[in-house]
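Dock chain B against chain A, hints included.
Chains as they are written, first to last, in numbering that gives the first Met the number 0: chain A, 0 to 323; chain B, 0 to 313.
Simulated from the structure, these hints should not be mistaken for laboratory data.
Note that CB positions come from ideal geometry on N, CA and C, so glycine has one too.
Cβ pair distances, simulated, as ranges: (1) A:Ala133 - B:Arg254: 35 to 45 angstroms; (2) B:Tyr183 - A:Gly16: 49 to 59 angstroms; (3) B:Arg190 - A:Pro286: 39 to 49 angstroms; (4) A:Thr17 - B:Trp268: 55 to 65 angstroms; (5) B:Arg190 - A:Gly275: 51 to 61 angstroms; (6) B:Arg254 - A:Ala269: 48 to 58 angstroms; (7) A:Asp237 - B:Gly253: 55 to 65 angstroms; (8) B:Ser302 - A:Leu132: 50 to 60 angstroms.
Here's a subset of chain A near chain B, in silico, CB distances under 7 angstroms, partners left out: (9) Gly64; (10) Leu65; (11) Glu68; (12) Asp87.
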Amino acid sequence: MSYIERINAAIRARIAGTDRLVCFGQNISAGSCLSGLTRGLPAGGGIEVIDTPNCENALVAFGFGLMLEGVDSIFFVKQLDFLLLACDQLVNTYNMSRLRSGIGSFTIVPIVVDSGFEGPQSRLNNLADLCSLADLPGFTLAEASAAERIIDQQLIAPGFRILALSQRLFRTESTPASETPAEPVDAQAGLFRLASGDDATLVAFNFSWPQARQLRGELAERGIEATLFGVAACDPPDWDAIADSVARTGRLILLDDSRSRNRPADRLRAVLADRGIPHAVLPLYRPIDVRDLAPNADRFEVKTSHVQEWLHKTHPRGAGSIHG
Amino acid sequence: MGEDRIGGAANADLELARELLRVRLSMMRINDLIKQQAFSVPIHLALGHEAIAVAVAAVMEPADRLLLTHRNIHYNLARNPDLGSEIAEYRLSEQGLGGGRYGAMNLTNPARGIAYTSSILGNCLVVAVGIAKARKLATPQAVTIAVTGDGAMEEGAFYEALMMARSLELPVIFLVENNQWSMYTRIHERRCAVGLRGMAAAFEIPFHALDGCDAVECRARLSAARRIAIEQSSPCIVEVELSTLGDRHVEEPGRAPRYINYHHGAVGWVEYADDPVIERSDRDPLHRLARQLDSSGWTELVSEAREQLAAVVA
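The shape of chain B in the complex, shown without the other chains:
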């Protein structure tokens, strides 16, 4: 294992680490471009969501399908190593990944398994059921992964999708990215608590809780969830606890000044040239990764990642 080894990481983990860094730095570069007003379309960054995205990309097989939401940049980047084609799409260029037809909030990449993306909360969950049925007709060895958030799961479509997928015995992974926020309100500010474990139990389907800052764990547990979904021909719920980095301070009428979650647009205080670790806490999967490597290993990995993006960044 000696040749491809940086700072003590095993080979497989190293590849995951490289992908984490690539996705993070790619988003930091796009963040710079947003600040330069390079795009007309609204872009929802997913700084802090990289671990689950690279894990999904790692476990997906060619027959699998992935359906996304308006905050899809991390999955699109994880499935597509060509940052230039993503940026071109955001510029609505014909050279873009989708020929300039999709922009950011609806960006799909069928060639890489991203079958459908919707900017409407809950929309993709039910479309995923039809796609899963079509995949099952084609092969019993495919799963469909439908990504949503703790806000979109409030839509009735979430319930309908679970019921349909369970009724038709379809292997759909309903992946809920739980960052605790829906735009500018936390869960407890807008609704009652909803236990997804209990909801899964109600439908008699598996439930998996993942630490969204740990890419290695996400990959391992997602791989198991995928295998079980195919073996049992059953949907499951995967809840991923994570944080969207880029909080900002706001003063709103009638409220005490507070920090709110990043929603869309640029994060003013993040620069591509900065350290890719945005927050030195367990909320940042890059911080978690950096701690697993020794200092020189981390530096080497970051340099390598920046070098690979150099042509696009230039």
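In isolation and in its complexed conformation, chain A is listed as follows:
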């Protein structure tokens, strides 16, 4: 199965388990159904599927209006950047809704345009940027096994959140057998452990989980065993598990494919500094460059040799003590 097929199946399964729901968005039951995201949504009974006009501000408001009256809904949107048209609703109406109790569920499921050669519209590839507008609860669905848990717990639950997918991952193979399932440290909080080891702590943000898994695997081939965390939440409420790992390994490698200066990884670094945990840190961030505005391959690449060299230099037991 592909990443999108698994996510589509998880969404359909979750929706089938509910009695009353309004699913809405542009072309969600027509054509490619948002490249397969919304294909075969169960409709009928108390579940309504609406193909809407193109008016994102009204569509986000529509979901908030339903939520205020206790009706659950999901807004599927083709591109994350389309939500920029709804900033007023995402900030002001969301903040008003936070003062209310007894509300329904409202979830926005956007696709991040990061598949390459999309031009300026792919500049906003970081869910955290959008979520920072109003402390919006947001989760990246960067890997199918973690996504399945997040969808199960968050897709329909009182309150509001954004669950974002990566366009670049849609056709990637994602059979459960092909990867070690993400182990939830706290699925509700959006934090997962993908592998364990004592030589370093790798933390993947936004949609960099595949690169982090690949890096972790290549390091392991060289005898370097790292703990790998995947951070799905844009603002995890609890960094304890990562902090404990860093205290043990003394070395932190951060991966973030965002084109942004607003990085949850930097909040982690602040937490570690506040707690006085000694460690060396290697941030593997995507450089921010005006050339990104022109169509390009939009790849986030990590050089394992560079990471290995850094690990040798920073090993607490002295350079060269790690094999490889």
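Same frame as chain A, now just chain B:
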């Protein structure tokens, strides 16, 4: 009809008249408190807007919903007879209508059908579409009324809300209070003319033009608009021509001295103790009401209204 009859007004009209006076005097009392700097939150009075507010309150059924803007005081007062709870909310007291969480510009009252209020121009119009959808799922006999102004209708949200409501066949009354002003500029000073009748025609939805100084007419025509919206499961536009009373004289650099419209804060020259008729012209719905009654009837009605507010005013 003889018992409850003051100065020749019919019973139903009399109740409307009492509500008009209550809302006007309540705002005049709050105006006094603003002058005394009793509140930290900005308050946008709606002196002159009372007729449409009491008409909306009169036609609303329990299943209906009302969505408001930053200038919401008249609707909140019309839907809530407890002036003390409004004042407490403006004081951000836990005893306030919203527990001190909303203040003035976002004051809601879900128990009385005021589902949502936004201080952002155009914001509530699109939220109303979602609320209307939820109401339609619950009952086919409910309307959602979204209030806006001639300034907020300039926002793209107005167009989007009309299109969404029409596309989804939702009974939403988009009620445009047209006082000709957006803060300190008149319509002709800031934009081209926009014919709401034509806009309604473009969406093939009903349009109703109301005289916002005539509460009886507002109630009757709004009631009809409500019925049609439910029967046709369709939105409509209601444009209410009215005036915000409390003009003030300003001298601005590069402009000739002029009177501008009241926007927010206190109206310095209005006092609770004064006659509730602020302006002896057709711009003031209270003046219109007073003319419909004989002198003794009007005096009796005002005394009665002041008596009911006496405890709060004290």
